[in-house]
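Residue numbers (our numbering), protein chains in the order written: chain A, 1 to 498; chain B, 1 to 498.
If you're looking for bench data, these hints aren't it; they were derived computationally from the structure.
Be aware that a few hints might be false.
Coverage of chain A stretches by chain B, computed from C-beta distances (three or more under 8 Å per stretch; other residues unrestricted) [unchecked claim]: (1) 13 to 27; (2) 151 to 163; (3) 345 to 358; (4) 384 to 397; (5) 409 to 417.
Beta carbons: idealized from backbone N, C-alpha and C, even for Gly.
2 protein chains.
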Amino acid sequence: MYRDRVRMSSLLDKVMTADQAAALIKDGMTVGMSGFTRAGEAKAVPKALAQRAKQEPLRISLMTGASLGNDLDKQLTEAGVLARRMPFQVDSTLRKAINAGEVMFIDQHLSETVEQLRNHQLKLPDIAVIEAVAITEEGHIVPTTSVGNSASFAIFAKQVIVEINVAHNTNLEGLHDIYIPTYRPTRTPIPLTKVDDRIGSTAIPIPAEKIVAIVVNDQPDSPSTVLPPDDETQGIANHLIDFFKREVDAGRMSNSLGPLQAGIGSIANAVMCGLIDSPFENLTMYSEVLQDSTFDLIDAGKLRFASGSSITLSTRRNADVFGNLERYKDKLVLRPQEISNHPEVVRRLGIIGINTALEFDIYGNVNSTHVGGTKMMNGIGGSGDFARNAHLAIFVTKSIAKGGNISSVVPMVSHVDHTEHDVDILVTEIGLADLRGLAPRERARAIIDNCVHPSYRDALNSYFDAACKRGGHTPHILREALEWHINLEERGHMLAAS
Amino acid sequence: MYRDRVRMSSLLDKVMTADQAAALIKDGMTVGMSGFTRAGEAKAVPKALAQRAKQEPLRISLMTGASLGNDLDKQLTEAGVLARRMPFQVDSTLRKAINAGEVMFIDQHLSETVEQLRNHQLKLPDIAVIEAVAITEEGHIVPTTSVGNSASFAIFAKQVIVEINVAHNTNLEGLHDIYIPTYRPTRTPIPLTKVDDRIGSTAIPIPAEKIVAIVVNDQPDSPSTVLPPDDETQGIANHLIDFFKREVDAGRMSNSLGPLQAGIGSIANAVMCGLIDSPFENLTMYSEVLQDSTFDLIDAGKLRFASGSSITLSTRRNADVFGNLERYKDKLVLRPQEISNHPEVVRRLGIIGINTALEFDIYGNVNSTHVGGTKMMNGIGGSGDFARNAHLAIFVTKSIAKGGNISSVVPMVSHVDHTEHDVDILVTEIGLADLRGLAPRERARAIIDNCVHPSYRDALNSYFDAACKRGGHTPHILREALEWHINLEERGHMLAAS
């Protein structure tokens with residue numbers, strides 16, 4: 001069955017077991033693997049690596065597109081394989097190791113990793129491990145459910161291991177659009193001016209002789225863990241849709257809005273689902289990950305085209321979408337994450353970026369990554385790629401967490417991923433703050449009045465009033481600015497009296 | 001004399017006094033004025049406005065390119081004319097009013113103001129006031145020593161006042177390259193692929209009937225206040241040049257480096273001066289402001305071409321450069337700040353961005369704007385436009401300030417303008433920290449070992465060691481993180497014991 005998928009027949013003698021292929025990865029190597037938002041990761045070789053590390057010392061620097069599925073980061077962490085990891089992860093075991101200082105994690109804007117590789121500012125991968133549905137007659141690699149950084153990893157690495165995954169339908173071929181920016185100083189503009197432009201090839205073009213191993217596997221992607229909308233996420237979606245209506249009424253957007261980007265996760269997914277019953281038509285997406293909501297919107301006749309870097313679906317949606325891919329294929333494209341997230345394209349297209357905040361402060365600075373200013377959750381991902389250059393940089397979160405012990409709106413965030421300069425709109429289930437054109441004191445008023453949970457509003461008003469009395473463009477009382485986080489850490493509630 | 005400069009003769013009947021022109025500006029209006037880094041600002045009309053405000057209520061929202069010279073922001077502030085001000089300023093009187101909450105200041109990435117206007121996310125200027133050396137036969141405006149936001153302001157405003165400044169030599173004509181991105185959703189790539197590309201027109205194209213007043217004045221630009229290099233700035237320059245040499249040796253840059261961007265001010269100017277005696281050749285600049293050092297480098301045969309948005313020179317340099325402009329003209333271009341700072345172009349060209357930090361922390365987060373987390377200095381300016389997408393994002397500062405009462409390297413910055421994700425290289429006179437590809441704990445080690453003044457090194461090591469014991473990807477002790485700033489505020493020294 002896999003033999004039909006290796007269409008350059010001279011490569012068939014490279015087929016070997018995962019253990020044999022994994023043996024090509026040596027202690028101390030830098031390895032680039034496919035995988036983005038738990039979609040399309042190489043599965044057999046990393047598993048074999050984790051096994052091997054039980055017998056012999058094996059520490060590598062691992063770079064991927066984004067997060068891996070199938071508990072691979074967990075297995076690699078437990079086996080002690082990961083010395084360094086970039087640019088994103090979502091695994092709870094790896095997270096613990098990162099926060100313990102055992103794995104050096106480099107948290108990057110997702111569009112930047114391969115740019116830094118291209119310029120030799122990061123060590124190039126010695127070897128790349130790429131999941132594929134097929135290898136073409138020319139020896140080019142056809143990716144599966146994600147492109148991520150796979151193309152550049154395969155181009156930069158001296159050796160490439162291909163995992164042919166027969167669990168993926170071969171009809172994925174044709175979905176991908178592989179475009180790699182040319183080298184500086186003679187780089188030309190990225191010739192993409194519409195979300196549905198195709199500017200590259202459908203397979204990753206590398207010299208066939210770089211393919212040193214082919215491993216066959218049949219392990220499917222992990223299903224998405226996105227939760228269905230609840231009252232709060234529905235509330236957030238409603239506020240945002242009302243805002244979009246006002247923007248359309250004011251003539252600032254057309255009724256098809258701008259190309260939509262939605263971060264991964266339940267809140268952003270709920271917001272996108274909310275568009276199904278909205279008055280907007282002919283929507284488009286220019287995003288990283290295409291989730292259930294993308295296909296719900298296509299089915300509802302609302303979404304005309306979706307560009308992403310990966311497809312990550314729930315169990316419910318998975319068989320239906322991939323079993324009927326022909327229904328969607330002319331409405332989809334998967335691009336390298338450098339292109340799906342590229343600042344040049346994001347600014348040109350005028351994207352509406354919707355991403356999740358861990359917390360934000362009264363001036364609109366957003367923390368996307370660090371609990372209590374210290375503990376990494378997942379990473380900044382693509383949120384910065386989009387927010388900086390978006391037509392609208394929107395951040396969403398529930399107003400409280402942990403049963404009300406935590407307010408998502410605080411006097412000063414404990415870590416900044418997106419500065420006040422880059423944040424246009426903040427939304428919680430309480431309401432929406434439009435920060436465009438406002439000075440910090442005005443931003444604080446808008447945020448406190450619109451986004452804060454009632455149980456925290458008085459306290460934030462007190463802080464803000466007292467800070468204003470002391471003056472400053474961005475009034476703060478430094479002695480109290482992080483007190484809410486300290487209270488939480490020491491007493492379990494942000495407003496616990498000391 | 002001015003009559004030759006108004007080459008569309010039908011416009012000559014629009015010539016009037018500054019008071020008459022200023023009367024077109026009504027209370028409550030939004031006004032867009034030329035001016036960028038104290039170069040090419042309209043001078044007569046704002047002065048007349050400040051006078052008029054002594055007689056009658058007059059409050060406006062003022063947007064410019066960047067900072068104004070000739071004490072105009074001071075005069076407008078003292079007269080109470082400024083209700084709102086964006087996107088940048090450097091005036092001490094205005095700064096006080098901003099920090100007192102009397103003027104609402106919107107601190108923006110300099111590439112973004114006109115983008116937000118174009119999309120009607122900011123209120124369009126009712127009227128624009130643009131300094132010019134001439135008006136062409138078609139009624140187009142030839143700017144003076146800056147382009148800044150002038151072109152878009154003139155295009156967006158219903159009415160335009162032109163100040164013909166006869167103190168500027170008419171040979172400035174031809175220096176400018178006015179390109180305005182097309183509207184979304186059909187925007188095309190910015191067709192600029194080399195620093196010396198010319199992609200627009202030499203004058204600002206507006207319908208002549210929008211010119212409602214022409215005012216003649218002869219007030220020169222204010223001279224630059226940049227200080228000559230001192231031991232510390234020379235030390236910073238030396239560290240950076242040594243680093244560039246290592247980058248060239250490692251094959252990561254050619255001997256002409258990449259296009260250089262240098263922020264305004266004495267440190268960046270000193271760094272650029274340091275290149276005169278360096279081994280690098282055929283240098284280019286793609287920057288905002290061209291300072292003395294630009295012309296020193298051209299004279300030294302080191303700099304092949306400089307692209308900027310303004311020219312701001314010291315008294316020493318001013319007469320020489322503008323008196324001999326033909327010597328430089330084929331090596332210079334002035335662009336709208338949207339283009340000089342555009343993320344698309346910055347990423348494409350691979351710019352080396354050198355900007356000044358107010359302070360940075362052990363993890364590489366940079367504060368460019370807020371003293372003690374509250375008081376605005378000037379604004380973020382273009383530093384974010386460049387740092388985010390630069391080939392190298394470099395921030396420079398002296399390691400201590402106020403006679404050693406302040407360390408420029410702190411446990412946690414009191415305000416974040418550039419996050420750890422966007423900062424590659426930090427330099428003080430003590431040394432240089434190369435943060436590329438490092439995890440936070442590694443960044444801290446590199447910064448403390450290389451950039452910190454010896455009088456603060458032990459204290460930072462103690463903080464970092466204690467924080468690491470508590471764990472976290474980015475270890476912090478929240479209760480102590482801002483203690484240095486609190487000490488400074490309350491006791492005048494960052495390490496003063498409580």
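Outcome of the hint check:
no.	hint	in the structure
1	13 to 27	violated (count 0)
2	151 to 163	violated (count 0)
3	345 to 358	holds (count 4)
4	384 to 397	holds (count 4)
5	409 to 417	holds (count 5)
Checked against the numbered hints above, the structure breaks hints 1 and 2 and satisfies the rest.
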